[in-house]
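Chemist: What follows is the residue order along each chain.
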Amino acid sequence: MASQVAELPSSSTGTLIYRQRWPVRIWHWINAVSVIVMLMSGLMIFNAHPRLYWGQYGANDDASWLEIGSDGEHGFLRVGPVTVPTTGVLGLVGDNERAFPALVTIPSNYDLAAARQWHFFFAWLLVVPGLLFWLWGFATRHVQRDLAPTFKELRPHSLWQDIKAHARLRFHTGEAARRYNVLQKLSYVGVIFGLLPAMILTGLTMSPAIDAAWPWLLDLFGGRQSARSIHFLCAALLVGFILVHLSMVLLAGPFNELRSILTGWYRLPKERTR
Amino acid sequence: MTLLTRRRLLGSLGVGAGGLLLMGSGRIPVLPKGEDILGLGEGLTMRAQRLITSRTALAREFSALDMSPRFRTNGNTMPASEAYQAHLANRFADWRLSVDGLVRNALNLSLAQIKAMPARTQITRHDCVEGWSAIGKWTGAPLKLILDAANLLPTARYIVFHCADDFDGTPYYESIDLIDAYHPQTILAWGMNDELLSVGHGAPLRLRVERQLGYKQAKYVMRVEVVASLQPIGAGKGGYWEDSAGYQWYAGI
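Here the protein sequences line up with chains A and B, keeping their order. When we follow our numbering, the leftmost residue of the first sequence carries the number 1, and every step to the right adds one. When we follow our numbering, the leftmost residue of the second sequence carries the number 1, and every step to the right adds one.
Everything labelled a hint here was simulated from the structure, so no lab data went into it. Do not take every clue at face value.
Listed below are several chain A residues computed to face chain B (Cβ distance under 7 Å; list not exhaustive) [claimed, not checked]:
(1) Q56
(2) A59
(3) D61
(4) A63
(5) R224
Values in this document were obtained by computation on a predicted structure and should not be read as measured data. The beta-carbon is built from N, C-alpha and C at its ideal position, and this holds for glycine as well.
Construct all of the structure, not just a fragment, from the sequences and the given hints.
Modeler: This is how it looks when you write it as structure tokens:
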């Protein structure tokens with residue numbers, strides 16, 4: 001990113017720059033596959049007990065803060081005291097009484113054992129390349145240079161300007177597009193150093209063997225069932241990130257964005273004339 | 001890590017790698033089955049967990065205040081066999097736990113004898129593979145004491161628990177390796193929450209192998225068999241759920 005490695009001037013459109021180095025591109029795609037498989041197999045695992053609790057323990061007789069279920073005729077989502085009918089989407093789809101429908105789970109049929117195999121296999125593909133990316137990112141100063149927001153960018157006024165510009169779908173152009181904008185930086189840093197580590201640590205906290213070895217995990221998250229709840233909430237935030245991320249790709253120009261994450265080359269959008 | 005678990009892992013890695021090699025060699029590929037590849041994750045996970053968890057790392061023990069108000073039951077809650085029903089009617093007075101297989105000194109223990117052994121009481125969390133957890137208080141005989149009394153032969157590798165319950169005629173059983181069998185919190189529990197173990201929770205005797213999931217905590221244990229290999233038992237995968245639905249034998253995660 002923002003790398004000065006090579007530039008090809010272009011006659012009609014903006015400058016072509018080498019923006020994404022290969023470790024970024026490889027990690028992005030390994031991560032994209034593993035995150036999506038983990039999300040979908042995770043939903044199947046959730047289906048085995050579609051209730052969430054706070055604390056060390058939690059089972060059917062204990063108070064849950066979230067439940068997806070079906071009374072046989074209607075599907076529902078309950079969050080705290082609020083119940084929302086979700087027939088056809090959650091809880092009951094067709095005559096399938098299942099929290100998340102077949103369309104979004106791996107495997108699509110109810111198979112907890114297989115879902116766990118998928119989940120734990122792809123967990124390795126999330127963790128190992130993720131750690132390598134962290135190491136590479138710090139060692140090459142990619143994190144410090146390209147991802148970390150500057151103090152200037154974090155000033156409330158400048159943040160607000162960026163939010164307003166995004167809301168009006170006016171993205172950076174010309175030289176300003178050479179670097180990630182501050183909202184991009186914040187969301188990438190949030191995912192790489194916030195959500196993904198939180199997913200992994202809360203996931204580990206659900207393992208009884210890991211709890212024995214690292215009991216501090218239970219204290220960090222307030223118990224296994226709290227960790228399970230946080231795991232699910234972070235997964236929901238990750239889904240939110242993916243949706244926004246894909247929307248931004250579409251809005252910013254899918255061809256240019258895809259080329260940059262596949263080949264590294266990115267064309268700076270032409271300077272806007274106001 | 002025992003030799004055997006390592007061998008198991010290397011074996012499974014070998015199967016996957018062999019398949020991949022064949023794919024690369026240009027010969028007619030013998031595609032490794034998807035489940036074999038996914039299974040590599042299981043071996044890797046067990047190995048990694050065993051690396052970072054010492055053999056004696058203890059599962060957290062909670063205080064009485066942390067206990068679940070109600071500890072739900074699941075799986076079989078009333079074995080249907082006539083033999084079990086007779087034991088139940090008789091309050092397990094004639095019931096015996098058989099300890100046999102690769103031992104020098106096979107045992108036949110009455111419930112009274114097991115209760116007379118030094119007992120361990122622990123308040124621990126029970127984690128079902130489905131996702132729920134319940135905290136309860138378990139009292140029982142450390143499995144180590146029973147195994148020491150039986151005097152294992154050097155070829156012993158796994159401990160198999162044969163149970164009185166069944167699913168559609170297929171008997172329940174479970175197995176653990178010697179690392180977990182000799183773990184200080186691994187007990188054959190006869191008491192729960194300061195009472196005798198109820199039928200719903202596995203009377204007269206259930207395994208507690210903390211650090212693993214609920215389906216490993218075999219209820220209605222009738223026989224402890226010491227074996228060198230899990231292959232000849234059931235469908236060979238080490239437990240009822242492992243055989244019938246493909247659940248992982250190592251349930252530490």
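Chemist: Taking the hints in turn, state whether each one holds.
Modeler: Each hint, compared with the structure:
For Q56(A), the suggested interface contact is upheld, since its CB lies about 6 Å from the closest CB of chain B, less than 7 Å. A distance limit of 7 Å between C-beta atoms decides the matter here; for A59(A) the minimum to chain B is near 4 Å, and the interface restraint holds. Taken as an interface hint, D61(A) checks out: its beta carbon lies about 4 Å from the nearest beta carbon of chain B, inside 7 Å. The interface hint given for A63(A) is broken, as the beta carbon of that residue sits about 10 Å from the closest beta carbon of chain B, more than 7 Å.
Proximity of R224(A) to chain B holds as hinted, the smallest CB-CB distance being about 5 Å (cut-off 7 Å).
Figure legend: structure checked against the earlier numbered hints; the only hint not met is number 4.
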